[in-house]
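J.: Residue numbers (the numbering used here), protein chains in the order written: chain A, 1 to 207; chain B, 1 to 207; chain C, 1 to 207.
Any given hint could turn out to be false.
[Claimed, not checked] With a straight-line Cα cutoff of 30 Å, these simulated BS3-like cross-link-like pairs (lysine-lysine) come out:
hint, chain 1, residue 1, chain 2, residue 2
1, C, Lys179, B, Lys179
2, A, Lys177, A, Lys115
3, B, Lys177, C, Lys115
4, C, Lys19, A, Lys205
5, A, Lys19, A, Lys115
6, C, Lys177, B, Lys177
Source of the hints: derived by calculation from the structure; they are not laboratory data.
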Amino acid sequence: MVRFRLTPRDGAFFDLLAKTAVEVVRGTEILTRMLGSDRTQRLELAEQLRAAENAADETTHEFLRRLNQTFVTPFDRDDLYHLASSLDDCMDDIEEAGDLIVLYDIGTLPPGVDKQVSVLSRCAELTAEAMPRLASLDGLRDYWVEINGLENQADRAYRHLLADLFRDEPDPISVIKLKGVIDALESAADSFEHLANGIETIALKES
Amino acid sequence: MVRFRLTPRDGAFFDLLAKTAVEVVRGTEILTRMLGSDRTQRLELAEQLRAAENAADETTHEFLRRLNQTFVTPFDRDDLYHLASSLDDCMDDIEEAGDLIVLYDIGTLPPGVDKQVSVLSRCAELTAEAMPRLASLDGLRDYWVEINGLENQADRAYRHLLADLFRDEPDPISVIKLKGVIDALESAADSFEHLANGIETIALKES
Amino acid sequence: MVRFRLTPRDGAFFDLLAKTAVEVVRGTEILTRMLGSDRTQRLELAEQLRAAENAADETTHEFLRRLNQTFVTPFDRDDLYHLASSLDDCMDDIEEAGDLIVLYDIGTLPPGVDKQVSVLSRCAELTAEAMPRLASLDGLRDYWVEINGLENQADRAYRHLLADLFRDEPDPISVIKLKGVIDALESAADSFEHLANGIETIALKES
Numbered sequence: 001m002v003r004f005r006l007t008p009r010d011g012a013f014f015d016l017l018a019k020t021a022v023e024v025v026r027g028t029e030i031l032t033r034m035l036g037s038d039r040t041q042r043l044e045l046a047e048q049l050r051a052a053e054n055a056a057d058e059t060t061h062e063f064l065r066r067l068n069q070t071f072v073t074p075f076d077r078d079d080l081y082h083l084a085s086s087l088d089d090c091m092d093d094i095e096e097a098g099d100l101i102v103l104y105d106i107g108t109l110p111p112g113v114d115k116q117v118s119v120l121s122r123c124a125e126l127t128a129e130a131m132p133r134l135a136s137l138d139g140l141r142d143y144w145v146e147i148n149g150l151e152n153q154a155d156r157a158y159r160h161l162l163a164d165l166f167r168d169e170p171d172p173i174s175v176i177k178l179k180g181v182i183d184a185l186e187s188a189a190d191s192f193e194h195l196a197n198g199i200e201t202i203a204l205k206e207s
Numbered sequence: 001m002v003r004f005r006l007t008p009r010d011g012a013f014f015d016l017l018a019k020t021a022v023e024v025v026r027g028t029e030i031l032t033r034m035l036g037s038d039r040t041q042r043l044e045l046a047e048q049l050r051a052a053e054n055a056a057d058e059t060t061h062e063f064l065r066r067l068n069q070t071f072v073t074p075f076d077r078d079d080l081y082h083l084a085s086s087l088d089d090c091m092d093d094i095e096e097a098g099d100l101i102v103l104y105d106i107g108t109l110p111p112g113v114d115k116q117v118s119v120l121s122r123c124a125e126l127t128a129e130a131m132p133r134l135a136s137l138d139g140l141r142d143y144w145v146e147i148n149g150l151e152n153q154a155d156r157a158y159r160h161l162l163a164d165l166f167r168d169e170p171d172p173i174s175v176i177k178l179k180g181v182i183d184a185l186e187s188a189a190d191s192f193e194h195l196a197n198g199i200e201t202i203a204l205k206e207s
Numbered sequence: 001m002v003r004f005r006l007t008p009r010d011g012a013f014f015d016l017l018a019k020t021a022v023e024v025v026r027g028t029e030i031l032t033r034m035l036g037s038d039r040t041q042r043l044e045l046a047e048q049l050r051a052a053e054n055a056a057d058e059t060t061h062e063f064l065r066r067l068n069q070t071f072v073t074p075f076d077r078d079d080l081y082h083l084a085s086s087l088d089d090c091m092d093d094i095e096e097a098g099d100l101i102v103l104y105d106i107g108t109l110p111p112g113v114d115k116q117v118s119v120l121s122r123c124a125e126l127t128a129e130a131m132p133r134l135a136s137l138d139g140l141r142d143y144w145v146e147i148n149g150l151e152n153q154a155d156r157a158y159r160h161l162l163a164d165l166f167r168d169e170p171d172p173i174s175v176i177k178l179k180g181v182i183d184a185l186e187s188a189a190d191s192f193e194h195l196a197n198g199i200e201t202i203a204l205k206e207s
């Protein structure tokens with residue numbers, strides 16, 4: 001196998017992470033549209049969500065192929081691996097949430113879910129803006145600080161949703177279904193924070 | 001501590017993974033028998049399942065002991081560590097599923113569960129066949145391709161089971177119990193895929 | 001950035017892990033008090049639990065900052081990283097359990113929960129005693145052996161609680177709530193075992 005040295009110009013790793021992040025943004029846009037849609041539209045949107053996730057998987061695989069065939073990498077190999085898999089987790093959680101909404105055939109979602117999803121949309125945008133800046137590691141501090149703040153907002157929204165759900169929803173089956181959806185959304189927020197923490201760690205190490 | 005160099009003949013790491021995988025196959029066989037058994041037989045089968053898991057744990061610990069005492073390893077130390085722990089996850093998920101069937105004192109399981117378990121059986125066989133081939137890294141491509149295909153089948157079976165469960169099962173307690181079992185089976189399929197992806201990554205890196 | 005060599009006297013890493021472990025002990029003490037408290041007292045105790053978790057987070061971040069700025073580390077960088085994050089998982093699981101008790105507005109907890117929490121208290125004490133011994137790696141064997149034994153006790157307590165819950169609790173909503181709490185406690189026991197296994201691995205490697 002040809003092992004080639006990375007030239008400074010080879011930003012391929014960051015380009016691929018950026019491409020993946022664009023699909024994550026697309027995923028949160030689809031999720032947002034899902035909230036206001038009826039069952040028929042949601043089936044169609046779930047298809048689009050699956051397509052976004054497949055596109056993200058492809059760029060992630062291309063990233064890993066490159067990583068495995070590159071001798072000199074811009075950061076530690078493990079750090080790059082963790083970046084890619086953390087970003088992949090964000091996409092998976094978003095897709096699972098949309099998936100469960102359709103699978104459980106949920107009618108209207110509690111209002112608090114809008115807050116969860118709008119926080120995720122902002123996390124996705126910030127992440128997509130941050131990926132290209134990994135090449136220089138400049139100006140990433142605001143990114144991880146803001147993500148941590150958003151994760152706290154997501155956490156509060158989640159806890160209120162959970163308390164309201166158990167207080168107000170008399171039907172246990174509905175409780176199980178809605179808990180499944182808001183758990184998936186909460187886990188997406190955690191994944192964005194996990195990715196941001198990984199980037200903070202890299203930045204500190206490389207600085 | 002004596003640190004000894006691996007000689008080409010030292011295939012001990014792969015022998016231990018292969019031995020562990022044989023217990024995983026045994027686990028899926030026991031799980032298959034569980035489906036058609038009554039409560040009394042299941043108690044006995046759950047014991048056998050625990051025995052298989054203990055045997056797998058022992059070979060895994062022997063693997064880790066060797067890994068920690070070996071200076072030159074056939075692949076990256078971390079890769080070997082992840083192989084062993086991914087294989088351990090497969091066994092744990094299988095044991096948990098069987099365990100919950102008994103713990104929840106479940107009567108007959110929905111038909112779709114047979115499909116989940118038959119896919120897991122095939123995953124276990126393929127995995128057991130693949131382990132000895134790690135030494136040469138030859139002919140592993142079919143393995144990881146087929147595992148990925150099986151995981152997709154498992155995923156479809158899981159999603160149908162979940163949708164049917166929430167549509168057809170009126171008793172919430174039964175929903176919680178059955179969801180616990182099919183979630184554990186789905187997570188076993190994910191673990192087999194995770195292991196296969198890890199092996200693909202190693203093969204690409206070492207090739 | 002100034003990269004400084006660790007002198008033998010620099011036990012800062014272990015001091016920080018020890019400080020974190022002290023907060024984990026505090027967390028289990030608060031959890032224990034929660035069991036016998038009424039709803040109002042629990043709100044106050046949940047605050048204290050959150051404070052303990054924040055204190056643990058700070059020492060963990062200080063640990064990671066140091067790790068990233070230290071050129072020569074006492075153990076493999078990855079091993080130290082995993083130690084800190086495993087210890088962080090223990091704290092998170094404990095805080096989540098206490099959090100759910102308040103969030104779900106649970107009345108009296110089933111007696112078996114006392115057993116779960118008392119095992120966690122012992123795990124926390126043993127862990128706090130073990131951290132300072134990491135510097136010499138002496139006398140840690142008893143620690144990981146006893147933790148493994150405690151995890152088995154926790155597992156049995158958990159399985160009995162689960163079986164009793166599904167047999168005796170007629171209200172599905174209460175089942176979901178209580179299952180959430182005992183699952184979090186079980187996952188805390190797993191985290192203590194995971195940390196102990198990591199330390200065993202390091203001890204074997206460094207010995």
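J.: Next, verify each hint and record whether it holds.
T.: Hints, one by one, checked against the model:
no., hint, verdict
1, Lys179/C x Lys179/B, "holds, 13 Å"
2, Lys177/A x Lys115/A, "holds, 18 Å"
3, Lys177/B x Lys115/C, "holds, 24 Å"
4, Lys19/C x Lys205/A, "holds, 23 Å"
5, Lys19/A x Lys115/A, "holds, 26 Å"
6, Lys177/C x Lys177/B, "holds, 14 Å"
The structure meets every hint from the earlier list without exception.
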